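Colleague: Taken in order, these protein sequences are the chains called G and E.
Just so we're aligned: 94 in full-length UniProt numbering is position 94 of the first sequence, and the numbers increase by one with no gaps anywhere.
Just so we're aligned: 206 in full-length UniProt numbering is position 206 of the second sequence, and the numbers increase by one with no gaps anywhere.
Since no wrong hints were added, every one of them can be taken at face value.
Identical chains share a label here; the pair holds if one copy fits it or two copies do between them.
Here are the simulated lysine-lysine pairs, DSSO-like style, with alpha carbons at most 30 Å apart:
1. Lys137 with Lys45
2. Lys137 with Lys41
3. Lys137 with Lys102
4. Lys261 with Lys102
5. Lys137 with Lys309
6. Lys295 with Lys284
7. Lys284 with Lys309
8. Lys102 with Lys259
9. Lys11 with Lys323
These aren't lab readings, by the way, just hints derived from the structure by calculation.
All values reported here derive from a predicted model rather than from experimental measurement.
Protein chains: 2
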Amino acid sequence: MKLIDIYSRYKKDIQYIESELERNIQSNHDVLNETSLHLLKAGGKRIRPVFVLLSGKFGNYHLENLKNVAAALELIHMATLVHDDVIDNAITRRGEQTVMAKWDNKIAMYTGDYIFAKALTVVTQLENPKIHQILSKSIVQMCIGEMEQIRDFFNTEQSVRNYLLRIRRKTALLIAISCQLGALAAEAPRNTVRTLYSFGYNVGMAFQITDDVLDLCGTEKQIGKPPGSDIKQGNITLPMIYALQEKDLKEPLLALINKIKQTEDQSDVNQFIQLIRSSGGIDKAEILANRYIHKATKQLDQLPDIKTKKHLHDIANFVLSRKY
Amino acid sequence: MKLIDIYSRYKKDIQYIESELERNIQSNHDVLNETSLHLLKAGGKRIRPVFVLLSGKFGNYHLENLKNVAAALELIHMATLVHDDVIDNAITRRGEQTVMAKWDNKIAMYTGDYIFAKALTVVTQLENPKIHQILSKSIVQMCIGEMEQIRDFFNTEQSVRNYLLRIRRKTALLIAISCQLGALAAEAPRNTVRTLYSFGYNVGMAFQITDDVLDLCGTEKQIGKPPGSDIKQGNITLPMIYALQEKDLKEPLLALINKIKQTEDQSDVNQFIQLIRSSGGIDKAEILANRYIHKATKQLDQLPDIKTKKHLHDIANFVLSRKY
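Bound-form chain G, shown alone:
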């Protein structure tokens, strides 16, 4: 099932969140308006606000109560993307120039700060202090995750466990709390909130793993950026960790990584991608992603039988098979 078909059932509400996002980032400062709008218009899957809305269906669904949670989470996500692109020297994202490339690093840093601050003004309109606490603690963890990523750049000795801990903080947490906070804001029963958190967490883990696979197996058109971006930045992802465990491949892979680290030569990157594709790393990573999605959908069994459950199921399966 395509994402657009799932989303179409919530079209009006998603569009409302989109207009809220646009309203929220407005300022009377020209550059900030431009950079923020540029970012917003580049689109994205909006998986976090969608999870907020869908999780809200398991409680008392009131769009007015959920809109601020949904907008805040997407804004926080957007802010982290801008700062990520600075760290990664990323030129394109979602097929558009990044803020860092179109303007510069410094403007990107403050655009991130600004969007994040705007997210906070949205959050402060929420009355439940528990939501504030969950959010702020998660943001601390996300920062630690980002620093771990910097620390682990070009570290070819890292373990699968290390990788999983890192993507937990970097990605899975924010998706997990999207489900949790949506359910909380809709005053869903405590068990349901917990189950949805766990669903989101597992989908989030799978989401990052498939993201890392796509960077090695997707086309530029599909993923909106040149393939091999991860290794160019020094980001050692799951398929690479698995491939490095293969005796025949370890030496040539290490040699290529070393060359890429020094010259960023595209032919080395292409050769590296080919080697990883020929390894068992991709399959193994996909199997692990599959296992996370299986765990996620298992969680859904505990939820009441409303049609939204089917849609969460569909999104989880989309995450596994996605090509973008």
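For chain G, the structure is supplied; the task is to place chain E on it using the hints.
Modeller: Below, chain E alone, put in the same frame as chain G:
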């Protein structure tokens, strides 16, 4: 009166806040621990937490209620400093290497993000939603102020009004809300809260103006960084704007600014500093700072006669005469 003499009356409480700051920034991530602690240990005047405490004296003073406000404001201030140093390519601050210089830009960006996130976890422990709203709106304004500063780099045509609007956002606002939130957290009467906000705002304006004067008139030892840092970054401050209004000086100043912009040659910077010092710009800036401090102390007249009032008076006068 020296700052240390004023502070000594609140020594125990200030030390408690200091230990809270240290406790709050701790993480199990090595680099973040090091960068944050490096920043904390470099010291600073801690004027924001001190204003929180002193303003709290005009209500029901409970250190336990005030500590989170005080710590959060100092952490937010610290986070902005790290990001500022990235923008300004600043090598030293408070006589110590900046995070950006000792580590790098990227680590500095995430250290700022991390300390800011830690500030938020402190804030979420506060129950008054009004405090959250005031804080988040102020942070948005601070980001806009920072972007305005980037926009105005090397803009020699800017007006005094432009400068004042910028430092209002960049500096005065956070000092103003330090007083406001301290009073609010201590449940001081509404009028008192408003008066203290206004006191803090005026002190904050004076504080930034004297900062900008010190960058031109202080020694490296006094200000903990090389003098002339502002013009090297392209930051056109109040004494410069005034000096540029002098007919005889405009041409040579513009020529020097142009040279500094291109080469950052220290002899040009020294010549520039000499020219500004010989102008009426320093005096005029000091007169304006004086006027803000006068306004600030005028506000104090409206407050009940407790001994803290005298101490606020003393701090305001310190800001005017400070050499660091």
